[in-house]
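Undergrad: Top line first, the protein sequences correspond to chains G and W. Going by the numbering used here, the first residue of the first sequence is number 1, and it counts up by one from there. Going by the numbering used here, the first residue of the second sequence is number 1, and it counts up by one from there.
Watch out, some of these pointers could steer you wrong.
[What the hints assert, rightly or not] Reference listing, derived: stretches of chain W covered by chain G, where coverage requires no fewer than 3 residues with Cβ under 8 Å from a Cβ of chain G:
| no. | region |
| --- | --- |
| 1 | 18 to 27 |
| 2 | 40 to 50 |
| 3 | 101 to 114 |
| 4 | 126 to 134 |
| 5 | 233 to 239 |
Simulated from the structure, these hints should not be mistaken for laboratory data. For glycine and all other residues, C-beta sits at the position ideal for the given N, C-alpha and C.
So the chains spell out like this:
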Amino acid sequence: MSVQQGTAHRPWVDRLLTINGWLIFGFLYLPIFILVIYSFSDSKIVGIWGGFTWKWYGRMFGNPEMMGALSNSIKVAIISTVIATILGTTAALALDRYRKWLGKGAFDVIMYMPVIIPEVTMGAMLLIWFTQVLPINLSIWTIILGHIAFSASFVAIIVRARLANLDDSLEEAARDLYANRWTTFRRVTLPLIMPGVMGGALLALTLSLDDVIITEFVQGPGASLLPVYVFGLIKRQVTPEINAVSTLMLGISMVLVFVSLGFQARSRSSEGNKEE
Amino acid sequence: MTMLDDHPSEEASPELEKKAERAESWRGFFTALPTYVFLIIFFVLPLIIITVISFTERSRTGKPVLGEWTLEWWIKLGDPLVRTVGFRSVWLAFLNTAFSLLLGYPFAYWIATRKSAIMRNFLLVLVLIPFWSNFLVRTYAWRTLLDSNGLITSIGEWTGLWGKMLFTEPAVFLGLLYGYLPFMVLPLYAAIEHLDWNLVEAARDLYAGAWKAFRKVTLPLSMPGIIAGSILVFIPSLGAYVTPDLLGGAKTTLLGNYIVTQFKSGRNWPFGATLSVTILALMMIATIIYFRKGGKTL
Numbered sequence: 001m002s003v004q005q006g007t008a009h010r011p012w013v014d015r016l017l018t019i020n021g022w023l024i025f026g027f028l029y030l031p032i033f034i035l036v037i038y039s040f041s042d043s044k045i046v047g048i049w050g051g052f053t054w055k056w057y058g059r060m061f062g063n064p065e066m067m068g069a070l071s072n073s074i075k076v077a078i079i080s081t082v083i084a085t086i087l088g089t090t091a092a093l094a095l096d097r098y099r100k101w102l103g104k105g106a107f108d109v110i111m112y113m114p115v116i117i118p119e120v121t122m123g124a125m126l127l128i129w130f131t132q133v134l135p136i137n138l139s140i141w142t143i144i145l146g147h148i149a150f151s152a153s154f155v156a157i158i159v160r161a162r163l164a165n166l167d168d169s170l171e172e173a174a175r176d177l178y179a180n181r182w183t184t185f186r187r188v189t190l191p192l193i194m195p196g197v198m199g200g201a202l203l204a205l206t207l208s209l210d211d212v213i214i215t216e217f218v219q220g221p222g223a224s225l226l227p228v229y230v231f232g233l234i235k236r237q238v239t240p241e242i243n244a245v246s247t248l249m250l251g252i253s254m255v256l257v258f259v260s261l262g263f264q265a266r267s268r269s270s271e272g273n274k275e276e
Numbered sequence: 001m002t003m004l005d006d007h008p009s010e011e012a013s014p015e016l017e018k019k020a021e022r023a024e025s026w027r028g029f030f031t032a033l034p035t036y037v038f039l040i041i042f043f044v045l046p047l048i049i050i051t052v053i054s055f056t057e058r059s060r061t062g063k064p065v066l067g068e069w070t071l072e073w074w075i076k077l078g079d080p081l082v083r084t085v086g087f088r089s090v091w092l093a094f095l096n097t098a099f100s101l102l103l104g105y106p107f108a109y110w111i112a113t114r115k116s117a118i119m120r121n122f123l124l125v126l127v128l129i130p131f132w133s134n135f136l137v138r139t140y141a142w143r144t145l146l147d148s149n150g151l152i153t154s155i156g157e158w159t160g161l162w163g164k165m166l167f168t169e170p171a172v173f174l175g176l177l178y179g180y181l182p183f184m185v186l187p188l189y190a191a192i193e194h195l196d197w198n199l200v201e202a203a204r205d206l207y208a209g210a211w212k213a214f215r216k217v218t219l220p221l222s223m224p225g226i227i228a229g230s231i232l233v234f235i236p237s238l239g240a241y242v243t244p245d246l247l248g249g250a251k252t253t254l255l256g257n258y259i260v261t262q263f264k265s266g267r268n269w270p271f272g273a274t275l276s277v278t279i280l281a282l283m284m285i286a287t288i289i290y291f292r293k294g295g296k297t298l
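Using the sequences and the hints, build the whole thing.
TA: In structure tokens, the structure reads:
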């Protein structure tokens, strides 16, 4: 007999759980829907419906500061993601595929700390480090370094989980067939861990695009990112233009969700093949 | 096992083998080296420096003066104002973790026990979307809901139960709960979905009531999810900055804002450093207690 998902509940228990479930979905989604709806409202006051309009989107795209912040955000996200993915993946390989090496124990601890450290602490320590110790001026590059410092660990965790689920017999087979290390890595290991690497990269991208705290600490004058810029706008005055840019940011998040789901589906099907 | 099945290196002399092992170990070291160096420069050393800075005097501009030492900032942690902010942060983080668990558990349980896999996956995607969505945007959504013209305020005024909540502590709590609930649900879902339901079935066969079977079997078996979810909610709640800044007011300052203030208008970097180290320590203590209580389940 196959294992059934859950045991039989009494009907009223199941009904209560279902009602509770949809109520929570309502709680999670309603605020987002309302936010999106008011981005199309022809009224200066968010919360009062003034008829349909696209004008806030026009304002948003016509706002040079906002567009500057958006392009900075994309630049920072792409550069930090590429570097964090390389660093995270090599770290995961070193931790999973090599049994013993100098300083492995310490590295294992250091690698996981950025994940559990509060973001404020991370931002504060990087600010002190950049301005009081290193002779660096705060700029877009200090933001990039900050983003890599916390997202590389997330990539490493995801890739390591993927590596742990792969048996190394395929790699051994390749090596027995006289493939050198580099060829084995490029032709066997890398394709196998690719779903994990891409999943990690997408997480790094999301973390970078979401970050407010670390960026606020280590940004230089005049080189803000979109979330920090929007954060400042909200504190000054709430306008439907903010709803419009919020909708744009939600759209970007949504695209990333579905791309990541695509990779997860592919990784699951390739794992399924392995079991056959 | 015959000799033929063995790996060729097994036939090599122990000396060669040791050499190969050493080469392998160096390869591991060099694979990790770039990340190792990066993390030492941009994580470990900054962490050490911020701890050192918490013991330095401050200059007139609020920057630390290296070489002039003081315990002033650590003593300042005992100030009534600082204590109030600290207790409020820990309390709200705790409350948020408890409520997320209370709301999240039946929710995750419901999703994980749907019979059809398609339905389960569909509901899971519905949780993943808010999980991946921009945090600032999700917090901003509540700002307009809780403001004078907002839906929540209108409902409250219509029923006569509440007024404008924006810039109060309940608003911050709602924002935190909304922001971090998905972080609780996902690990809970993973734990409950992977549960061995035969064990629950067995308990029922042995005449345990539905509630007893849940309390004695299902709940303990989903402990890893409870621990992971609680840590994922507690840590960012304790260091929350965006939520209290947008939804709270001057009376609801939390540690996160308080730290940022020290580095900006407060002009007191060494005290900001002290608070940052304190919040890190608090978080580590909480994590360790949690792991101890849950045993080595994670």
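Undergrad: Under the constraints set out in the numbered hints, which ones does this structure not fulfil?
TA: Violated hints: none; all satisfied.
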